[in-house]
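Protein sequence lines correspond, in order, to chains A and B. The opening position of the first sequence corresponds to residue 479 in my numbering, with each subsequent residue numbered one higher. The opening position of the second sequence corresponds to residue 1346 in my numbering, with each subsequent residue numbered one higher.
One or more of the hints may lead you astray.
Taking lysine-lysine and the BS3-like style, the derived pairs with C-alpha atoms no more than 25 Å apart in a straight line are [to be verified]:
| id | chain 1 | residue 1 | chain 2 | residue 2 |
| --- | --- | --- | --- | --- |
| 1 | A | Lys866 | B | Lys1433 |
| 2 | B | Lys1363 | A | Lys892 |
| 3 | B | Lys1433 | B | Lys1408 |
| 4 | B | Lys1444 | B | Lys1485 |
| 5 | B | Lys1408 | A | Lys870 |
| 6 | B | Lys1427 | B | Lys1441 |
| 7 | B | Lys1489 | B | Lys1461 |
| 8 | A | Lys682 | A | Lys733 |
| 9 | A | Lys558 | A | Lys580 |
| 10 | B | Lys1427 | A | Lys870 |
| 11 | A | Lys636 | A | Lys870 |
| 12 | B | Lys1441 | B | Lys1408 |
| 13 | A | Lys707 | A | Lys682 |
| 14 | B | Lys1363 | A | Lys870 |
No lab work stands behind these hints: they were computed from the structure.
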Amino acid sequence: MESDIENRPTAQAKGLLPIDIERIKADFPILDQKIGDHQLVYLDNAASTQKPRVVINAILEFYRKYNANIHRGLHYLSEKATAMYEHTREHTASFIGGVQPKEVIFTGGTTGAINLVAYTWGEENISEGDEIVISEMEHHANLVPWVILAKKKNAVLKRIPVTPDGYLDLTNIDTIITQKTKLLAVTHMSNVLGTINPVEALAKKAHAVGAVVLIDGAQAAPHMPIDVKAIDADFYCLSAHKMLGPTGVGVLYGKAELLDAMPPFNLGGEMIREVRFDKVTWADLPNKFEGGTPNIADVVAFDSALHYLEELGMDNIRQHEMDLTAYTLDQLSAIPGLEIQGPRNSNQRGGAISFTDSDIHPHDISTFLDSKGIAIRAGHHCAQPLMKIMGKVATARASLYIYNNEQDVDALVKALGEMRRYFGL
Amino acid sequence: MSGSLDDMYRDIILDHYKAPRGKKPIEEANIASDGHNPACGDELELKVSVDGSTVRDVHINCKGCAISVASSSMLAEQIKGKPLEEVKGLAEQVRKMLKGENVQLPEDTDDLDALKGVRNFPVRIKCALLAWVTLLEGIKTFEKGTGESKTINLEETD
Ligand SMILES: Cc1ncc(COP(=O)(O)O)c(C=O)c1O
């Protein structure tokens, strides 16, 4: 493999701030612990990231000082809680590229966001013979809802294939995205291969045939600057827990005119304008899609996660991860018996790195690494069709984030070397 | 991690993993059953020939982790030449043992005790279980005389 570490400008040369990893690590209390005899090395960030002290404190503070239901009470706490909740909405709107706050819908996660679109927009707009285009590298969250919708509506599910080196194969894209395409639903960054997909170009193609574009941003939003307007995404989905925020919070961004035209999803309190026994009218955006009491405390704490990321700078984060990904790919490719999946060029990928060993099953890899305090993920990563295409039953995956450094990678590499000896290879 | 690594990967387990028994195909089989663990991707194919009421030969091909391979290899080694009733009882005992019950395994089956180590690794229990539940399913079909066994599919929550 060719290394792109040496000949790429470093963060300093680009005028970015170098990230001080030691200082960052200190912000994450959970990282300061031993698993058995070994210092914890957390490399399972594509599954979920750890939380900095500011986020943990924000949750505590909310319950200590401001807890009340929102949009309802005419008392101090309720007004305060409502303002904090709505502040996170505004913050999220600016974080993803300066959209209108009412275009930001809070959900339980990316899965919740995509299902919302499938059951409302999809239900109304997909009919027999229509085509839904996805890619072969989708997470089940951006796959199962469309498989089911296509079945129900007698619509056709079409796939953009994946090349052996882990890119979307766009050779025949003009026969895949056609006049019949009603929806293009693709991931911005693969959780298995790390690939960053050309979503802007794909969106342009889809829009040219009048299709709607949904981007699964669960893996991209935590790791690079996101501008949904530049992508021209109609829908963009993300999960707070993968970007330093709490679990149970996700975001559905949707263009206002689309959201306005969609029927509501969770019917009940908070999402109505007027209810009579014979007639109900819906509330305006965003409340129309937030029926019931939402995850107030965690949405409020998500604001602190966004602040933390912005303070580091998403460009800096991306640069740090490109550097560390290049280093990791270099180190891993020197280990005999190891096969790395996905693009080799760190400019075109994020830090989710899947690999397999010629002899040792990914679950044994994961259990062995765990005994050295190293947390990775092993399995099909909720992408069973992709695994089949790759010809694997499962992979091991190390995934990087801002608090990881070369020492973490070195610990991984050292342990993988010991592993082969342990299993007698 | 809740158990020590050597508890799970005991020497005997690694020995079976590196040289699995029962790989050799067999000519005729009266019991044929497949096992699949979608969460891990483990797949196994089991064939048993029964002579009267005794297990004459076993073929087991398992593609999976060290635990599932070792467990199926031990199964092949243990059941060959035994009466079917005894085999059934043993499989039930192993299943109970893996699920955490205290069981007394027959004397000549000491090796199987090594599988106990997975009990401290909750997500790996089904790896050890796969071969045994696949065998039980195969025997059930054989006894009913209804042809094909259904493929055993261990659920993520099993
Ligand atoms: C690409 C991708 N899409 C969707 C999801 C689902 O996210 P969540 O489980 O937070 O809803 C994930 C997370 O595992 C993911 O990696």
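Hints, one by one, checked against the model:
1. Distance check on the hinted pair: Lys866/A and Lys1433/B sit about 35 Å apart at the alpha-carbon level, beyond 25 Å; violated.
2. A threshold of 25 Å between alpha carbons decides the hint, and for Lys1363/B with Lys892/A the separation of about 23 Å falls inside it, so the pair holds.
3. Distance hint between Lys1433/B and Lys1408/B is fulfilled; the C-alpha atoms sit about 23 Å from each other, no more than 25 Å.
4. About 21 Å separates the Cα atoms of Lys1444/B and Lys1485/B, which keeps this hinted pair within 25 Å; it holds.
5. Between Lys1408/B and Lys870/A the CA atoms are separated by roughly 11 Å; this keeps the pair inside 25 Å, and the hint holds.
6. Only pairs whose Cα atoms come within 25 Å are accepted, and Lys1427/B paired with Lys1441/B is accepted, the gap being roughly 20 Å.
7. For the hint pairing Lys1489/B with Lys1461/B, the CA-to-CA distance comes to about 31 Å; that exceeds 25 Å, so the pair is violated.
8. For the hint pairing Lys682/A with Lys733/A, the CA-to-CA distance comes to about 16 Å; that is within 25 Å, so the pair holds.
9. A hinted pair counts as satisfied when its Cα atoms are at most 25 Å apart, and Lys558/A with Lys580/A qualifies at roughly 19 Å.
10. As the CA atoms of Lys1427/B and Lys870/A are separated by approximately 36 Å, the hinted pair breaks the 25 Å bound.
11. For the hint linking Lys636/A to Lys870/A, the alpha-carbon distance of about 22 Å falls within 25 Å, and the restraint holds.
12. Restraint check: the Cα-Cα separation between Lys1441/B and Lys1408/B comes to about 24 Å, which is no more than 25 Å; the hinted pair holds.
13. A distance of roughly 12 Å separates the Cα atoms of Lys707/A and Lys682/A; the hinted pair therefore holds under the 25 Å criterion.
14. Taken as a hint, the Lys1363/B and Lys870/A pair is honoured in the structure, with Cα atoms around 20 Å apart against an allowance of 25 Å.
Hint compliance for this structure: hints 1, 7 and 10 are not met, and every other hint is.
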